[in-house]
Amino acid sequence: MKKSIFEGLLQPVPQAIRDGLVMVIQILMIGSFACLLENIQLPFYQHFIHTFAGGTIYEVLAFVVSATLGMLSLYTTVSISFCYARVLNGENKFSSFPYVATVLACFFIMIGFFEGNMTDGLFNISMFSGRGMFAALLSAIGGSVLFSAFCRLFKTKRTFYADGTDSAFNFTVSSLLPAACVIVVFCLVNYVIIVVTGKTCIQDLFVAAMNRIFDNMERSYLSGLLFILMSQLMWSVGIHGSNLLEQVAAEKFTEINGSIVSKSFMDNFVLMGGSGTTLALVIAIILFSKRKTTKRLSLMSTGPIIFNINELLVFGLPIVYNVLLIIPFVLVPLIIYTTSYLAVKLGLVGVTVNQIHWTTPFILSGYQTTGSFSGSLLQIVNLFIAVLIYRPFILMYDKKSVLTNLTNMRNLIDTLKQSETSLVPVTLTDLKGPAGMLAKSLVNELRAALGRKDVKLKYQPQYDKNNKCVGAEALLRWEHPVYGFIYPPLVAKIAAESGILWDLEKYIINKSVQALPEFTSVFGDDFKLSVNTTVSTFYNPMFVPYVKKMIENCHIKKDTLCIEITEEMSFCKSEKADEIFRELHSAGCRLALDDFSMGHTSLKYLQKNQFDFVKIDGSIIKDCVENQRSRDIISSIIYLSKSLHFNVVAEYVETEKEKDLLLNLGCWIYQGYLYGKAVSLEEFIKMHGMNGSRGKKLQ
Numbered sequence: 119m120k121k122s123i124f125e126g127l128l129q130p131v132p133q134a135i136r137d138g139l140v141m142v143i144q145i146l147m148i149g150s151f152a153c154l155l156e157n158i159q160l161p162f163y164q165h166f167i168h169t170f171a172g173g174t175i176y177e178v179l180a181f182v183v184s185a186t187l188g189m190l191s192l193y194t195t196v197s198i199s200f201c202y203a204r205v206l207n208g209e210n211k212f213s214s215f216p217y218v219a220t221v222l223a224c225f226f227i228m229i230g231f232f233e234g235n236m237t238d239g240l241f242n243i244s245m246f247s248g249r250g251m252f253a254a255l256l257s258a259i260g261g262s263v264l265f266s267a268f269c270r271l272f273k274t275k276r277t278f279y280a281d282g283t284d285s286a287f288n289f290t291v292s293s294l295l296p297a298a299c300v301i302v303v304f305c306l307v308n309y310v311i312i313v314v315t316g317k318t319c320i321q322d323l324f325v326a327a328m329n330r331i332f333d334n335m336e337r338s339y340l341s342g343l344l345f346i347l348m349s350q351l352m353w354s355v356g357i358h359g360s361n362l363l364e365q366v367a368a369e370k371f372t373e374i375n376g377s378i379v380s381k382s383f384m385d386n387f388v389l390m391g392g393s394g395t396t397l398a399l400v401i402a403i404i405l406f407s408k409r410k411t412t413k414r415l416s417l418m419s420t421g422p423i424i425f426n427i428n429e430l431l432v433f434g435l436p437i438v439y440n441v442l443l444i445i446p447f448v449l450v451p452l453i454i455y456t457t458s459y460l461a462v463k464l465g466l467v468g469v470t471v472n473q474i475h476w477t478t479p480f481i482l483s484g485y486q487t488t489g490s491f492s493g494s495l496l497q498i499v500n501l502f503i504a505v506l507i508y509r510p511f512i513l514m515y516d517k518k519s520v521l522t523n524l525t526n527m528r529n530l531i532d533t534l535k536q537s538e539t540s541l542v543p544v545t546l547t548d549l550k551g552p553a554g555m556l557a558k559s560l561v562n563e564l565r566a567a568l569g570r571k572d573v574k575l576k577y578q579p580q581y582d583k584n585n586k587c588v589g590a591e592a593l594l595r596w597e598h599p600v601y602g603f604i605y606p607p608l609v610a611k612i613a614a615e616s617g618i619l620w621d622l623e624k625y626i627i628n629k630s631v632q633a634l635p636e637f638t639s640v641f642g643d644d645f646k647l648s649v650n651t652t653v654s655t656f657y658n659p660m661f662v663p664y665v666k667k668m669i670e671n672c673h674i675k676k677d678t679l680c681i682e683i684t685e686e687m688s689f690c691k692s693e694k695a696d697e698i699f700r701e702l703h704s705a706g707c708r709l710a711l712d713d714f715s716m717g718h719t720s721l722k723y724l725q726k727n728q729f730d731f732v733k734i735d736g737s738i739i740k741d742c743v744e745n746q747r748s749r750d751i752i753s754s755i756i757y758l759s760k761s762l763h764f765n766v767v768a769e770y771v772e773t774e775k776e777k778d779l780l781l782n783l784g785c786w787i788y789q790g791y792l793y794g795k796a797v798s799l800e801e802f803i804k805m806h807g808m809n810g811s812r813g814k815k816l817q
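Sequential numbering of the sequence shown, starting at 119, is according to the working numbering.
To be clear, the hints were calculated from the coordinates, so they are not data collected in a lab.
Note that the structure is a prediction, hence the values are computed from the model and not measured.
Some clues are possibly wrong.
[As the list claims (entries may be wrong)] Mimicking BS3-like on lysine-lysine, the simulated pairs with C-alpha atoms at most 25 Å apart in a straight line are:
1. K777 <-> K760
2. K413 <-> K586
3. K795 <-> K760
4. K624 <-> K574
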């Protein structure tokens, strides 16, 4: 079947809307705060901003509001079309610009810039504000989808050869015909609307349609309920309902004429904290949520929400396209609208008599709009009801978020393991989607955990052929409050990508060296504690001095600290490595080569007698009982150890059969679950410290 030119073009729409609206949050926040500062209803304050320096403060605030909220539809058009192109076409640096240029032309057509919406012969610039949001969304989405469809329809070879041409020129020229077609389509549609309806543009038609709905309804409980419902439903799909219905609200509900339902009534008794009664949502999250990240975002949003500025929470949480939160987001305003209407209808609270600014805080707004403390009391009751309604949804959201996060964590770990297996490097914090967001979040949390010293070390025992505990390996264990113990290579990877690996490894060295005297006091001076070191730390000029300093400060006995280096080190500059090895040996450290195999580079290190211990690659040990070649490799390594005078340690020893086979082959030091898992220092001494006897096997 032939593929439709529209196939797959609608899929990016939800993400483009959400991302595009997130991109304009800074504009919304700046404009909202400027609007707040402009409208603080204190007489002395208003006198000050209007008179100081000739009213300069007031003028500056007015300019900021005009440049932000006054142009909101224009910013939204650009951001959504830009995000649509990025979602559909990836990171091509030229792909977004033809979309944006085309969609802007469509937006100007939609708002009647050229022939409609004129006041005294001049264009009504207020159409660039929230009033023009319908045209902005229609242009951004409709124009972007059509542009993509025409690009597919006219797909030809897009390279033009001429002096001075480059990729930007080629991409732009190839977009000429699709862009022209989109603009013509919008012009034709707008022309038909003008001819058939007599309206000046699609934006005017939308406003007229909304007005027609409410024209046939008196200002009553039902009309107010419908207005609240429509606004909340628009918010739930990423459309700023308050802005989209701004013109309807201004014409139908702004005037206070003694009726119960008015814009002031809805703003102050229903939309406390903004659409969705988000003040109640913030309180519910703080009281009932167990997720620290959600609570942190809510606390950050509290200040703006007090003044009914809720975009940070709505798009940051997010609520948009989030079913569990959309349900109460729509339901709560409808319920407390009803309770408020009944309270006024029954005479418990007076009708609104004052039109106050939308940024007036909760409780104060209830008093000012009714002229009575009963208005404030009604707000408190409504808020209590709203918090109770939000509570079960917050608990369900927490549970679902944990399951989603665990899935994202598994995917992130799988990505890292695939990279380790294929030897294809990956930067986890640069990944797109949930995996990349999780990696970035883990970086921040790891940095905080290090600051709190909340990263732990566990110690896995090493036994000799006489069942005596002769050493241990210090292993990093970071227990996350949501994900549990994080895969250690993942911790090292994100630490390296974020530039805190040295801080992490310095912390590990510090904790290990401080624990060594306690180990040797129980197990004797022959006991050794191994600490893993990565390539970047090994070559860090501060590494060797820091190790020496720790050995001196903690009075560590010679040859009890073992620096364990992975075979990855063999790919580094050998002359520099030799110098570092000599310095570590002279400081009294032993050296171990981890994950040893029979590769050429590993043998090259053994040639220079740099290592005191070699730890055989765990994959060889795991396979030794069933695989004769694995046994031959182990036997060859042991033969080399006797010739070159180094000791062999077998990791991942899990069964008596493996241990007996290794013993027969001549390997006399073992580490693995047969002897114990990694445990805390206190547990280690309790389990393995009685006369150096063998700990319990893992069941």
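Original post:
What hint numbers does the structure not satisfy?
Top reply: Hints 2, 3 contradicted; others consistent.
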